[in-house]
Structure formats: C-alpha cells, structure tokens
Amino acid sequence: MHGLIARTLQCFLQDTYGLSIWQKIAELAKLDFDDFEAMLDYDIRTVEQVLEAASMCLEKPRDALLEDIGTYLITHPNNEGLRRLMRYGGVDFFDFLHSLEDLPGRTRLAVADLQLPELELTDSVPGQFLLSCHGSLSEMPGFGHVLVGVLRAMADDYGALVILDHRGALGQAEVIDITVVETDFAEGRSFELAAAPPPVRREKAS
Amino acid sequence: MKLSSDALDALMPMHLSISADGKVRHVGPTLLKLMHHVCSEGRHFTDVLEVYRPKRAETVPMLLDLAGRRLQTRLRCRAKATLKGLVVPDGDGGAIVNLSFGIGVVDAVRMHTLTSTDFAVTDLAIDMLYLVEAKSAAMEASRTLNRRLQGAMLVAEQRSFTDALTGLRNRRAMDEALKRLIRGGECFALLHLDLDFFKQVNDTKGHAAGDHVLRVVAKIMLELTRKSDLVARVGGDEFVLILSGLRDRTRLADLADRLIGRIEQPIEVDGDLCQVSASIGIAFNHPDATPLETAEELLERADEALYSAKRHGRAQHAFSVSEPEKEDR
Chain A
3 MHGLIARTLQ CFLQDTYGLS IWQKIAELAK LDFDDFEAML DYDIRTVEQV
53 LEAASMCLEK PRDALLEDIG TYLITHPNNE GLRRLMRYGG VDFFDFLHSL
103 EDLPGRTRLA VADLQLPELE LTDSVPGQFL LSCHGSLSEM PGFGHVLVGV
153 LRAMADDYGA LVILDHRGAL GQAEVIDITV VETDFAEGRS FELAAAPPPV
203 RREKAS
Chain B
184 MKLSSDALDA LMPMHLSISA DGKVRHVGPT LLKLMHHVCS EGRHFTDVLE
234 VYRPKRAETV PMLLDLAGRR LQTRLRCRAK ATLKGLVVPD GDGGAIVNLS
284 FGIGVVDAVR MHTLTSTDFA VTDLAIDMLY LVEAKSAAME ASRTLNRRLQ
334 GAMLVAEQRS FTDALTGLRN RRAMDEALKR LIRGGECFAL LHLDLDFFKQ
384 VNDTKGHAAG DHVLRVVAKI MLELTRKSDL VARVGGDEFV LILSGLRDRT
434 RLADLADRLI GRIEQPIEVD GDLCQVSASI GIAFNHPDAT PLETAEELLE
484 RADEALYSAK RHGRAQHAFS VSEPEKEDR
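Chains A and B supply the protein sequences, listed in that same order. Read left to right, the first sequence gives residues 3 to 208 (my numbering). Read left to right, the second sequence gives residues 184 to 512 (my numbering).
So here's chain B without its partners, still in its complex pose (with noise of 0.2 Å):
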C-alpha cells in the first residue's frame, strides 16, 4: 500500500516525511503553517525539528530507533514551539514522524491563528477547544452565583445587628453605634441595665417564661425611651441603653427609676406571675476629653456604677463616679 502525500496530509496535517539520506521531503499544510511557510523540502531534518526525548535523535537511524515511543519534540523555526511526536518507518528506509500540539493547543491556536480545517477531522483539538470555552462559561456563570451569594451573606450579616429573640440590638450593633458616636464627638449617656432576680425566674418557671420576660422587659424599655435611642440586649439578662444628647441628671435618674418600677410590675406567663426588677449603672461619654474616652472604657465606667448600685441592694440606679482623665471642664 503506498499512500499519496495527500492522503497523508488529510491524515495528519502535522507530519514530517523524511528520505533514508535524512532530507525532509514534505511537510504536512499545519505544520508548514508554524514553521511561516518557509520551505524546508530539502533540507537535513534535523535543521528543521530538533528530537531531544527519550533520546536526542540526528540522524535516521537513531530516529527510528524510536519508532512507537512518545517523543518530545522542538521546532527549530521561530515558532520554537514544543510537539509531541510519534515516529514510524515508511517502507523506503525513511520516516515518517507525526506532531502533535498536545495540551498547548489553546495558545498555539491562538498563536498560529489556526482554524478547524487545520486538523485532522479525526483529532480531538477542536472538541478540546470547544470543552476549554464552555468550562470557562460554565464556570463563570458559578463564580456569578458565588457573588451574588457573597452579597446575600453580607445582607445576612447586617440583619444579626437584631436579637433574635427580644427584636432589640444586639450587642454587635451596640458596638458599632458606640465606636461610631465616640468618633462623631457626639454627647450622650450610657444605661447598663442587669436583670435581678432573673436567674430565678428561670430556675423555677423555666426557660420559655425567662424568655417571656425578657422580652416584655425589651418592650417596656423600647415604651420608654425615643426613636432616636438605641436599647441593646447584650448579654442573658443584660442591656445597653444609649441616649443621645441626654446630659441632664435629674432626667436620666427619673428614666431610670421608671423603667425600674415598669419592670418591677409583675408579669404574667401562663397565670403564673413572675417578679424581677432591674439594676442601672449610668456613664457620661465626655467627647471634649483628651485622650478620647474609648468604648471599652466607657462601658467599664457604667459596669462600675452598675455593680455599684447591685451593691447597695439591688432595684435602684448609680451614676459613674470616676471620670476619664484630664477631664477638660
């Protein structure tokens, strides 16, 4: 059987016919096109295709002495590129050696501005194409989706800036609106507002009444403060009330005594009657103090007077007594 160079070009338009004396004697149309058309007929193959795994390959005898074994090959043209190769004797004393892009057909389609009529209509190249651009679709469409995603979780997160079970804030928001009117130099008063008698409700009623009467306890403080004013569960029985532009003491003593007596009234879970009451330390921020008061520092400041007025039998209010330093006024 003798096939025609024809044949042979539609077969594998990448290959290399090389004579017994080593000279090439054609070269495939796809190839031709790497190598820019630069007619290499004639020429000693080894000045055209440098053969340099398994083994270095100069002449045709050592070509096919590799016959059947994967080779890696280099085109000596500008091109440079790297090709598999697959050797086979021709019949004649020559060879006939097959290329191959292997992986790197995706650049060197791109490189070689290559169409589909330069492959073999057998070769997978074009299905490998197909494959890369529908992955990259695909994953694009999936990276989309994992945005969107990121953006609903950014959503999610600012929703926890509520108490799940009271509607209050929680203590993330209590921090955040803390820092944040620390930094605008705004005035404002600081309720820590501890539960007594909480840890006994629970105890006895369980947990579904102790639930209960936080969150009426959460309601009572929402009827007694405005809009503008921010109350924040921060803890089991623990809240944080802040009240802007509040500064005057006899006000801020009369809020605290009210919200003590609206919780002091007995609350009803199930016809059985809970009691608790509550403790209030109080703390001024002092924006005009050098350095600024921290946040940390300022809660601390109304957790003293808090413990202060749990210390002088529960049920009543304390103001902070210390000051920040270098207090300017």
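Extracted from the complex, chain A is given alone in its bound form (with noise of 0.2 Å):
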C-alpha cells in the first residue's frame, strides 16, 4: 500500500489525538518503527493492524474513522494543499460531483504509484446520485467510508447541503448515496487559482 496513505492515517491520529495516542497505537499494533514514510510502501496488513489499534484504542468503530479521515483530509489546516487540489475539480459542488470520476486519473497525474479505486457517478433523478468505488472492496476495504468523509467536507468547502449516505458492498463495489439538496446554502470557503499554494504538510523536527 502507497506510503502516503499510511501517513495520512498516522497524521490523521497524531493531529486529531495527540502524539503519545499515536505512539500508543503504534505499540498496540506491535509497528518496528516510529513513522510511516509518505514515500515508500507498505504491506496493507501493517496498515490494517494500525486502523485496527486505532478502533480499539480510541474506541470507535473503524468505519466511523475512517470517516473522520475522509473529513481529516479536507478540513485540517495541514492539509490546505490537498483541499485546494480538489477544489479543482469544479466551480460548484455539482460540477465537482460530476468530475469525481476523474479523481483516480488526477491523482496518478500527481503520484504516478497511487492507485485509488475507479469511480463511478450515476444519476437517477435531479439531485441524486450514486457513487460506486470499484474493486475497492479487495484492494482498500473502507474507502468508501473515508470518500464519505471527503464529499461531506467539500460540500461544506463549496457552502452546499447534502445528504450522504454510505449503502454497504454491491457486489464488487461500495456504493455511497448523494442527495444535493442545495449548492449554495451557506457561505462556502474562499478558492482562489492564484493563491501561493502552502506547505502540504508541516513536519516536526525529528
């Protein structure tokens, strides 16, 4: 598993709960090192086993956190570089809907290794959609659950109210359903193309 996945959960724990939770977790799930590195890889059971430390140890469900990362990677300051990527993606939160699909190709572009599971968007009626991860079940179990987290971010970033709801595996795919019931129902936060872009990550001096 790409290394930057792995970094941004053990960023997720240590920004969210502090260092020593983290470095309690890292303990539990018995980890030979101190950090993981964004830039190498690891075996996904390494991950798994941190995830599952983090659940037992912050008591909360796996899929409730990794909602929480999905938000995480949105909404904390450390992470501005990553909103204003996906602010790319449209200048509402409907044209950003609409150009989710092309979210697995825009991160290869970034991170040629990085493979997200394939996105599929249908629409039935006028402000509903569904959102099927492809073959994410195998490869990233709970994807699903962080792109929760993400879309609810991003709709409160583009200022829209939204219904989200995350209906399990269908069949290879996790299936998340989308109720946009306004795109501009509050204020949303400022994207500015010409804004210096900051630091992705502040690092502390190890």
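Simulated from the structure, these hints should not be mistaken for lab results. Source: prediction; values computed, not measured. For every residue, glycine included, the Cβ atom is placed at its ideal position computed from N, Cα and C. Possibly wrong hints are sitting among the right ones.
[What the hints assert, rightly or not] In silico contact screen, one side only, chain A against chain B (beta carbon under 10 Å); selected entries: (1) ARG9; (2) GLU39; (3) MET41; (4) ASP43; (5) ASP45; (6) VAL93; (7) PRO106; (8) ARG108; (9) VAL113; (10) GLY161; (11) ILE165; (12) ARG191.
[As the list claims (entries may be wrong)] One side only, chain B facing chain A, incomplete, derived with CB under 7 Å: (13) VAL292; (14) ARG293; (15) ALA324.
Hey, can you piece these two chains together into the complex? The hints should help.
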C-alpha cells in the first residue's frame, strides 16, 4: 500500500489525538518503526493493524474512524494543499461531483504509483446521485467511508447542503447515496487560483 | 456560418477581432481583463498588440500573411504580457487573433487574479495549474523523506564509531575523543597496544580463529580498564587505550604488565589453543606544553615507544622518552 495512505492515517491520529496516543496505537499495532514514510510502500496488513489498534484504543468503530479521516483530509489546516487540489474539480458542488470520476486519474497525474479505486457516478433523479467505488473492497476496504468524509467536507467547502449515505457493498463495489438538497446553502470557503499553495504538511523536527 | 461575439467569447476568451481596416472590433473578456478593461475597440490593432514573431505585422494583410503560423505577441498596455497567438481570416477581409499564455499561465493567473471562469472550459490551463500544485505537493513529500533519510544517515554515521568485530570504539571515535581531550586540556595517558604473534594465528588457524582472538583480547582490555577509559581498535591487531587522569608511571606499568599477562593466556578456539602476546607503548600528554602537542604528535610518541618495546623483545611495555618541545615543568 502506498506510503501516502499509511502516512495520512498516522498524521490523522497524531493531529487529532496527539503524539502520545499515536505512539500508544503504534505500540498496540506492534509497528517496528516510529513513523510511516509518505514515499515508501507498506504491507496492507501493517496499515490494517494500525487501523484496528486505533479503533480499539479510541473505542470508535472502524467505519466512523475512516469517515473522520476523509473529513480530516479536507478540513485540517495541514492539508490545505489537498483541499485546493480537490477544489480544482469544479466551480460548484455539482461540477465537483461530475469531476469525481476523474479523481483516480488526477491522483495518478500527481503521484504516478498511487492507485485509487475507480469511481462511477450515476444520477437517477435531479439532485440524486449514486457513487460506486469499484474494486475498493479487495484493494482498499473502507475507501467508501473515507470518501463519505471527503464528500461531506467538500460539500461544506462549497457551501452546499448534502445528505450522504454509505449503502455498503453492492457486488464488488462500495456504494454511496448522495442527495444534493441545495448547492448554495451557506457561504463556502474561498478558492482562488492565484493563492500561493502552502506546504502540504508541516513536519515536526525529528 | 456566422458566430455571435458571445459565442466567440465563450470559445476564445482571449481573442481579438480586427476589421478589414485594421481597427479593433471586439476584445475577448479575459483579454479585456488583462488590459485592465481599458476599451480599445475602434483603435488600430497595432496600438493594442505588437506582433513580433515570426515577422512584424503592422497591417491586416501582413497579419493575414501569417495565418496558421505560431505568433509571438506582446500587449501594448501596462501588462506587457507576452502571449502566444494564432491568426485566421474572419471571412470579411478582417482577422481573428486568438491568444494564450502558454507556459507563463502560472504567473499570469497570479498577476491578474484570474479564475477558472476566465478560461475556456476546453482550455487545459486549469489542469496545468492543478498539475503544478499537485507536483509541488508531491515534491515536498519527497523532500521531507530525503530530509528524514539524511537524519537517519547521520545517526548511522555516529553508530559507526563502533568497531563491528569487537564492539570497541573505532579509529574515528578515538580521533574524535583524542582531539576533544586535548582541546579540553585534560591529563591522560595513551597506550598503543599491538598484538605479537597474531599473524601466525591468522595464517595457521584461519581468520575465524583470528577474529575470535581479537574479541577475547578486546574483552580483556575492557575488563582491566575503567568505564571512563576509551578502548579502540585502530587497525587489524592494533589498539589504543586512553586513560584519563592517570599520570602515575608505576600504576601504568602495572596495568600494562597485567594486560600483557592476561593476553598471553592461551585462548581456546574450537578445541585448539592459540597464543598471542602484546607490546605496549605509553605516552603522556602535556596539557601545559606550548604550543599544545597535536593528537598526531602524541600518537607518534606512543608509536615510537611501542617500537622500542618490540625492539627489546616484545611482550613488554615501554614509555615514551621524547617529550614535546618547550615543556613547561
């Protein structure tokens, strides 16, 4: 599994719950190193162990934890760079939803070896969408929950009122129900092309 | 087919429509933004745009002569932006010039606070901006890893103060310690110990046996010295001991003899007995000498003493007889 994903998990735990909790989780997961490196690869089982340990230590269900990671990815100041990249998806939330299928491709453009599950957006009635993550169950189980967190945070970012529901697995895909109630429900956060991108992640001196 | 100016604006937000007489008929919305919304309609196109490559174009026929070629142009207004361009005839004797930032788009967006609606939906400019941001983010992550790896390398280098075979300090560690002690004006004695008959062990019993002997000898040296002393393996069968605060010749002679005595005890290797001995040269440093003796000079004196011990039949110690110049006592 790509180190960026493992590292994100660590940063989420560290930034949200503090360094000592992270260390406790790392110990519980029997990690034989202190930190995940964003640019190295890890065994998916190692990352699963950390997730399991976190769920146990924080007494929080795995799905809820994954959704929190998605929200953290967009809302935490350390991830402002990522929020900006996501905002390139479109000028409003509808535009953004329609750009979601491009997300794995866009991601590969930035980090060639980071493979995200293929996404498929279908709309039934106006304002109602179904988002399927294909192949995530075997490659990245729970990716859909992270996505729910991301979508929730992005809706907020655009100022849209949205109802999201993770419907579980449907065949080989995770399926998310999206209902857009209003696109300009509240004032979103600003996004200017010209804003100088801040560093992706603050690093603590080691 | 006739396109409305709204349609042209949507397709080419940075176009300039020029009528047959050379006057500007219409300016695309993004180009207008670049020109700070100064209306230039009705002015001659050369007052608005300078076409300088592949050839200067000052009239409409000259401009249309360049149709289909890649133009390099410059705005005449304050912005002075350099733009890529393409000219095509408009079918009425005039011309349409479409302009683009090219690679300068990143700076242009910043300079003119452009937004995604300033670009045609089909324009790759926004994707290019995305790519620039994404790449710098990925690069930053990469640099972070490099910084951490460099830190790890420094740690590893420090670890290499240890001799891998014996676990004693190595020459690097000895050099550092010696320099530090001399700089700090400390009093200490330096013992240069060289094993005797070690080559025979290596030659007759093999390197594994030789390595074992070195480990046993290292252990003996650690046992007979204090924790605060430094014991280093500085060569194949050469060792340096730095004993801080020790100036007493009798005690040192006694220690040297005990070291030799213990090292001479036969060492068992796979049921076989190996016997080696040791010669030791001893030198004191002189923190009050002027100029201060360097580490190299001190080591050299210990080395001279060692060879004098060897010359006198090995398995013994000798004190350095030469003293640093201008000694002060």
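Which hints from the list above does the structure break, by number from lowest to highest?
-> 4, 5, 7, 10, 11 and 12
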